[in-house]
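Enquirer: Spelled out from the first residue to the last, the chains are:
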Amino acid sequence: MGYERQKDFGTPRVKSEKHVTLTIDGRAVTVPEGTTVMRAASEIGSSIPKLCATDNLKQFGSCRLCLVEIEGARGTPASCTTPAAEGMVVKTQTPRLDKLRKGVMELYISDHPLDCLTCSANNDCELQDQAAAVGLRDVRYGYEGANHLAEPTDHSNPYFDFDPSKCIVCSRCVRACDEVQGTFALTIDGRGFGSEVSAGQTLDNFMSSECVSCGACVQACPTATLQEKSVKKIGKPERAVVTTCAYCGVGCTFRAEMRGEQLVRMVPYKDGKANRGHSCVKGRFAWGYANHQDRITRPMVRDNIDQPWREVSWEEALSFSANKLNQIKRDHGARALGGITSSRCTNEETFLVQKLIRGGFGSNNVDTCARVCHSPTGYGLKTTFGTSAGTQDFDSVEDSDVILVIGANPTDGHPVFGSRMKQRLRQGAKLIVIDPRRIDLVKSPHIKAAHHLPLQPGTNVALLTAMAHVIVSEGLADEEFIRTRCDWDEYQDWARFVSQDKNSPEVLEGVTRVPAQSVREAARLYATGGNGAIYYGLGVTEHSQGSSTVMAIANLAMVTGNIGRKGVGVNPLRGQNNVQGACDMGSFPHELPGYRHISDADTRALFEKDWGVTLDPDPGFRINNMLDAAVDGEFRAIYIQGEDILQSDPNTQHVAAGLEAMELVIVHDLFLNETANYAHVFLPGSTFLEKNGTFTNAERRIQPVRKVMEPANGMEDWEVTQALANALGLGWSYTHPSEILDEIARLTPSFAGVSWDRLEREDSLQWPVNEEFPDGAPVMHVDGFVRGKGKFVVTDYVPTDEKTGPRFPLLLTTGRILSQYNVGAQTRRTANVEWHPEDLLEMHPSDAENRGLNDGDWTTLKSRTGETTLRVKVTDRVAPGVVYTTFHHPATQANVVTTDFSDWATNCPEYKVTAVQVMPSNGPSDWQEEYTDLSQKSRRIAGEMEPAE
Amino acid sequence: MSKEQRLSEIIAEHQSREGPLMPILHDVQAEFGCVDADSERIIAAGLNLSRAEVHGVVSFYHDFHGEPDARPVVQICRAEACKSRGVEALIADAEAAAGTRVKLATVYCLGLCSVGPNARIGDDLHARLDSDRLKKLIETV
Amino acid sequence: MSGSTIETLRRMANQIARNFEIMGHVDAVEATADHINMFWDPRMKKQIFGDGGQDLSPIAKAAIEELAQGEIPAHQTRATEFNAVDDIGQSDAG
Ligand code: SF4
Ligand code: SF4
Ligand code: SF4
Ligand code: FES
Ligand code: FES
Chain P
1 MGYERQKDFG
11 TPRVKSEKHV
21 TLTIDGRAVT
31 VPEGTTVMRA
41 ASEIGSSIPK
51 LCATDNLKQF
61 GSCRLCLVEI
71 EGARGTPASC
81 TTPAAEGMVV
91 KTQTPRLDKL
101 RKGVMELYIS
111 DHPLDCLTCS
121 ANNDCELQDQ
131 AAAVGLRDVR
141 YGYEGANHLA
151 EPTDHSNPYF
161 DFDPSKCIVC
171 SRCVRACDEV
181 QGTFALTIDG
191 RGFGSEVSAG
201 QTLDNFMSSE
211 CVSCGACVQA
221 CPTATLQEKS
231 VKKIGKPERA
241 VVTTCAYCGV
251 GCTFRAEMRG
261 EQLVRMVPYK
271 DGKANRGHSC
281 VKGRFAWGYA
291 NHQDRITRPM
301 VRDNIDQPWR
311 EVSWEEALSF
321 SANKLNQIKR
331 DHGARALGGI
341 TSSRCTNEET
351 FLVQKLIRGG
361 FGSNNVDTCA
371 RVCHSPTGYG
381 LKTTFGTSAG
391 TQDFDSVEDS
401 DVILVIGANP
411 TDGHPVFGSR
421 MKQRLRQGAK
431 LIVIDPRRID
441 LVKSPHIKAA
451 HHLPLQPGTN
461 VALLTAMAHV
471 IVSEGLADEE
481 FIRTRCDWDE
491 YQDWARFVSQ
501 DKNSPEVLEG
511 VTRVPAQSVR
521 EAARLYATGG
531 NGAIYYGLGV
541 TEHSQGSSTV
551 MAIANLAMVT
561 GNIGRKGVGV
571 NPLRGQNNVQ
581 GACDMGSFPH
591 ELPGYRHISD
601 ADTRALFEKD
611 WGVTLDPDPG
621 FRINNMLDAA
631 VDGEFRAIYI
641 QGEDILQSDP
651 NTQHVAAGLE
661 AMELVIVHDL
671 FLNETANYAH
681 VFLPGSTFLE
691 KNGTFTNAER
701 RIQPVRKVME
711 PANGMEDWEV
721 TQALANALGL
731 GWSYTHPSEI
741 LDEIARLTPS
751 FAGVSWDRLE
761 REDSLQWPVN
771 EEFPDGAPVM
781 HVDGFVRGKG
791 KFVVTDYVPT
801 DEKTGPRFPL
811 LLTTGRILSQ
821 YNVGAQTRRT
831 ANVEWHPEDL
841 LEMHPSDAEN
851 RGLNDGDWTT
861 LKSRTGETTL
871 RVKVTDRVAP
881 GVVYTTFHHP
891 ATQANVVTTD
901 FSDWATNCPE
911 YKVTAVQVMP
921 SNGPSDWQEE
931 YTDLSQKSRR
941 IAGEMEPAE
Chain F
1 MSKEQRLSEI
11 IAEHQSREGP
21 LMPILHDVQA
31 EFGCVDADSE
41 RIIAAGLNLS
51 RAEVHGVVSF
61 YHDFHGEPDA
71 RPVVQICRAE
81 ACKSRGVEAL
91 IADAEAAAGT
101 RVKLATVYCL
111 GLCSVGPNAR
121 IGDDLHARLD
131 SDRLKKLIET
141 V
Chain R
1 MSGSTIETLR
11 RMANQIARNF
21 EIMGHVDAVE
31 ATADHINMFW
41 DPRMKKQIFG
51 DGGQDLSPIA
61 KAAIEELAQG
71 EIPAHQTRAT
81 EFNAVDDIGQ
91 SDAG
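Top line first, the protein sequences correspond to chains P, F and R. Counting from 1, position 444 in the first sequence corresponds to residue 444 in UniProt numbering; the numbering is continuous, with no gaps. Counting from 1, position 62 in the second sequence corresponds to residue 62 in UniProt numbering; the numbering is continuous, with no gaps. Counting from 1, position 43 in the third sequence corresponds to residue 43 in UniProt numbering; the numbering is continuous, with no gaps.
To be clear, the hints were calculated from the coordinates, so they are not data collected in a lab. Keep in mind that the hints are not guaranteed to be accurate.
[As the list claims (entries may be wrong)] Facing chain F, from chain P, some residues (calculated, C-beta under 10 Å):
| hint | residue |
| --- | --- |
| 1 | Phe60 |
| 2 | Val174 |
| 3 | Thr183 |
| 4 | Ile188 |
| 5 | Arg191 |
| 6 | Gly194 |
| 7 | Ala199 |
| 8 | Gln201 |
| 9 | Thr202 |
[Claimed, not checked] Away from chain P, derived, C-beta distances all over 12 Å, residues of chain R:
| hint | residue |
| --- | --- |
| 10 | Ala17 |
| 11 | Val26 |
| 12 | Trp40 |
| 13 | Pro42 |
| 14 | Gly53 |
| 15 | Gln54 |
| 16 | Leu56 |
| 17 | Pro58 |
| 18 | Lys61 |
| 19 | Glu65 |
| 20 | Glu66 |
| 21 | Ala68 |
| 22 | Gln69 |
| 23 | Gly70 |
| 24 | Glu71 |
[As the list claims (entries may be wrong)] Quick list of in silico lysine to any residue cross-link-like pairs, SDA-like style, CA-CA up to 20 Å:
| hint | chain 1 | residue 1 | chain 2 | residue 2 |
| --- | --- | --- | --- | --- |
| 25 | P | Lys443 | F | Ala45 |
| 26 | P | Lys448 | P | Gly529 |
| 27 | P | Lys443 | F | Leu21 |
| 28 | P | Lys430 | F | Asn48 |
| 29 | P | Lys707 | P | Ala290 |
| 30 | P | Lys448 | F | Arg41 |
| 31 | P | Lys448 | F | His126 |
Don't be surprised by glycine CBs; every beta carbon is placed ideally from N, CA and C.
Work out the full structure, taking the sequences as your base and the hints as a guide.
Expert: This is how it looks when you write it as structure tokens:
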């Protein structure tokens with residue numbers, strides 16, 4: 001495939017039922033009413049020269065290059081701002097227009113360096129293209145006059161440069177930052193000839209400005225003014241492959257633009273259904289980890305974890321593993337073996353790992369990191385709605401009138417969706433934020449929450465019940481919806497419960513510390529403000545009442561009738577890129593792919609027949625139970641694909657003790673991660689750029705991941721799992737992930753209509769895809785809940801056992817930050833660290849003052865389970881009594897202090913509430929030092945130089 | 001009162017009206033002689049705008065300055081009465097005398113209409129100016 | 001504080017029981033038993049059955065006793081109902 005930029009229609013697509021027909025250069029064209037003449041011309045392939053217009057930004061009309069002649073109209077209107085009208089007759093090429101355009105172009109070029117042949121954008125520059133299109137050969141103005149050619153380049157952003165000497169002040173970058181990203185970091189400084197693009201204020205550069213490095217401006221720039229550094233370094237791309245981002249649950253589609261075997265840049269794909277051409281700093285720029293020097297590409301083994309690693313052949317690593325697995329199985333039974341699937345790997349890979357564990361190891365001890373994030377969503381939504389996947393697609397937000405965000409921070413955690421949400425808010429939708437911390441959405445340029453309810457961590461259920469109290473007792477319930485769609489008797493029970501005095505905002509104020517009046521106002525707004533949509537994240541699920549909170553959210557949506565159409569719904573914002581997929585693929589110990597319980601004989605029979613094995617009919621262990629059982633000697637071997645449980649799971653010492661007790665720990669990953677400190681076998685993994693397969697995003701959208709380069713380790717991850725299976729004698733023979741996908745479709749009813757071929761043709765499909773929904777289902781529960789009636793569940797507020805007291809007077813809550821991803825294994829190995837070099841502890845000024853702490857001081861953070869040190873950031877983003885940190889850096893070991901309390905129904909850990917004390921400190925804790933020692937020791941590879949002391 | 005407090009007051013005064021930014025900037029410019037980077041920052045936070053946006057507006061209009069002008073100022077009245085008494089004829093020489101060292105500001109009426117052309121330096125008013133006197137004033141300020 | 005395995009199991013059982021308490025004793029016992037039956041590994045069940053109900057709340061204790069006697073409780077919530085072999089209906093994606 002040769003390299004071509006994606007076609008630019010000049011102005012955005014217009015949605016309209018009505019159509020108009022006009023004639024352009026003698027050809028008739030029919031377009032939706034409101035479409036511009038420019039776009040209409042583009043649709044029939046007659047491209048009008050343009051500079052300031054591009055199809056993801058509103059028309060601007062500043063460059064005057066796109067002039068056309070319209071019969072009966074005076075002058076030469078700009079086609080980008082002129083709407084097509086019925087019967088209009090347009091000419092886009094006339095001698096008069098040529099002359100005008102040439103004149104305009106000359107003005108631009110006269111202030112532009114004429115070094116096209118040496119410019120890194122040569123042949124990939126709209127200015128150059130347009131100059132050629134208007135037939136401009138030489139410039140009459142020359143360089144005598146004033147110009148901007150001496151302006152210095154701003155290199156401050158690690159991923160792109162800003163070279164103002166090439167700028168034509170078309171404002172596309174400024175508008176992209178405003179309209180698409182919603183950050184408003186750029187402006188035009190000055191006026192007239194003196195005007196130039198500026199990030200932030202006078203002394204700012206890109207890095208010090210408000211810029212979040214989403215790349216929208218770079219993509220919008222028609223010249224080489226804003227350009228990726230990688231293009232300068234590697235050269236112009238020669239081909240492009242469409243693939244899916246491997247970072248978060250938004251699932252953005254990108255064009256991976258390649259030069260030879262090298263990735264030049266990732267450019268958001270305009271036809272991507274989740275991102276609509278937008279991106280964030282992670283997917284767009286943070287892919288450098290793929291060839292980071294820390295990446296391990298050869299298998300390694302060792303007999304015990306005190307020894308240095310030995311690099312060995314694949315055969316040796318696999319037979320070493322197989323022998324040990326067989327021996328442990330012989331001595332202790334199949335139930336002593338298990339594994340962890342990865343929400344970062346593809347559906348096909350995850351499916352194979354659970355197949356290996358259930359069919360090969362012979363146990364159901366399979367779990368996944370979804371346990372530590374969204375398992376309560378599964379439990380809660382399934383109980384209330386009958387099925388747990390999010391009810392909407394991302395487009396739905398465009399129809400919302402009231403958006404309620406609880407325990408989620410979309411602008412950091414799900415940035416591209418965050419930008420889309422902000423677009424809707426700028427159009428006037430109202431926002432309610434329920435979060436202990438003042439997240440950016442509460443107040444940032446052009447965004448202001450109507451209500452921010454800063455509750456005490458751990459009191460979600462109480463707060464949501466108080467909102468329900470207001471809705472029911474003030475007669476705001478949507479009775480008609482409830483009568484037709486829900487179980488009326490259960491509703492009445494629930495309504496009686498929430499109406500009790502003890503559930504009023506006034507009484508619960510003592511628990512939540514949110515003023516009753518704001519709870520009342522927020523509840524009224526959600527119930528009566530039009531289409532109400534709830535978006536929630538880990539701040540809901542990672543609590544001892546995570547499942548109850550999800551049910552309380554579902555109750556709110558049902559009682560107000562906010563289910564089953566565009567603009568409403570209950571939407572979990574999932575963390576990792578393939579959390580949904582990992583769950584669909586049977587990663588939980590009690591169920592097979594497609595959410596069928598392992599105890600169901602018919603389901604087992606289906607798989608047993610297809611796989612030629614016998615399956616254990618009992619549920620297996622969850623992660624935390626595997627670790628407990630390991631300490632007790634009952635669980636002895638684990639295969640962990642693409643997860644770092646030591647860093648991501650709570651109570652680090654407990655995880656370490658469990659891993660240490662095991663006889664065989666196989667880690668299959670890109671890097672020697674923290675878990676690998678306890679491993680005996682290391683199987684090198686491949687990146688998402690090096691494999692084929694599918695990811696399923698938070699809207700149930702199955703999207704293809706395409707191989708753009710050969711795996712550095714020699715095998716795609718599914719091939720590694722297959723090789724391990726075959727070392728155990730299972731005789732698998734897949735030659736391409738499409739065959740695995742066929743097997744999934746064959747065995748899983750909701751995937752029945754999915755195939756690689758279809759995805760190649762249609763780009764993506766939202767499951768279920770079967771006879772009833774041949775093209776998939778964007779919005780769920782349209783004419784009724786998938787299963788019978790919606791159920792109201794009484795959610796009793798049960799305070800967590802984790803309580804503050806004199807020794808631990810503060811509540812710690814955790815979160816994530818835009819530039820980093822999860823435990824940071826990937827993002828830490830990119831320039832993204834420039835935005836987040838370390839984890840900081842946010843603390844309210846009054847708490848800091850009481851402890852004599854100043855911004856930037858080192859502190860000890862201590863809980864019942866352990867202590868760690870990090871630096872404090874004094875800010876009123878958090879309320880008094882609450883502290884907040886992230887867990888992206890292993891040196892911080894924030895999970896050393898988190899407890900192993902967990903959700904009552906699913907054991908999702910209670911990351912969001914830990915009672916702590918914070919004291920001044922001057923250095924790392926004992927555990928941090930011990931741990932640093934151990935991890936240095938256990939990362940040694942025989943034959944490599946020992947690091948100097 | 002700190003500068004920050006005063007800025008908040010100015011912001012609060014205009015916040016509720018339509019298009020509060022321009023009146024705020026005018027007040028800030030009048031009060032502090034400039035709209036500096038810190039003020040831009042505080043105004044941006046107060047109005048839920050980005051720093052870049054406020055800066056864009058400040059840099060667009062000649063009325064606003066990023067930093068205070070340290071030069072001495074000579075205000076020259078060019079309103080009707082002074083005009084009819086010949087102030088315009090003095091301007092070219094005045095400008096030459098001022099060069100870049102002195103800032104000439106145009107004002108409209110200093111309340112001494114019958115004895116113009118008039119100028120003001122600080123609190124001192126100077127009447128009945130001719131070219132030489134004005135030049136001297138400017139050169140010695 | 002992580003405690004031994006049996007302490008963890010007791011805490012889990014009590015926590016489940018506590019969250020069902022609002023249903024009233026009889027229903028809560030059934031729901032707790034059903035939940036444990038569907039989600040716990042056989043070894044975890046065996047261990048708590050052999051623990052003599054120590055430190056368990058009345059609801060948890062009754063539920064464990066019921067299961068220990070080999071009774072299979074009916075499903076009390078949709079969370080413990082799963083798809084049949086050819087069903088697409090439910091998902092408990094976390
Ligand atoms: S990278 Fe994104 S946030 Fe930064 S200036 Fe460009 S559009 Fe704005
Ligand atoms: S930087 Fe690029 S997009 Fe922005 S004004 Fe200049 S030429 Fe246009
Ligand atoms: S929003 Fe998520 S999926 Fe999209 S580019 Fe960023 S990390 Fe990737
Ligand atoms: S493209 Fe129409 S005015 Fe610039
Ligand atoms: S007009 Fe000059 S002082 Fe009145």
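Enquirer: Go through the numbered hints given earlier and state which of them the structure violates, listing their numbers in rising order.
Expert: Hints 1, 10, 12, 13 and 31 are the ones this structure does not satisfy, whereas the remaining hints hold.
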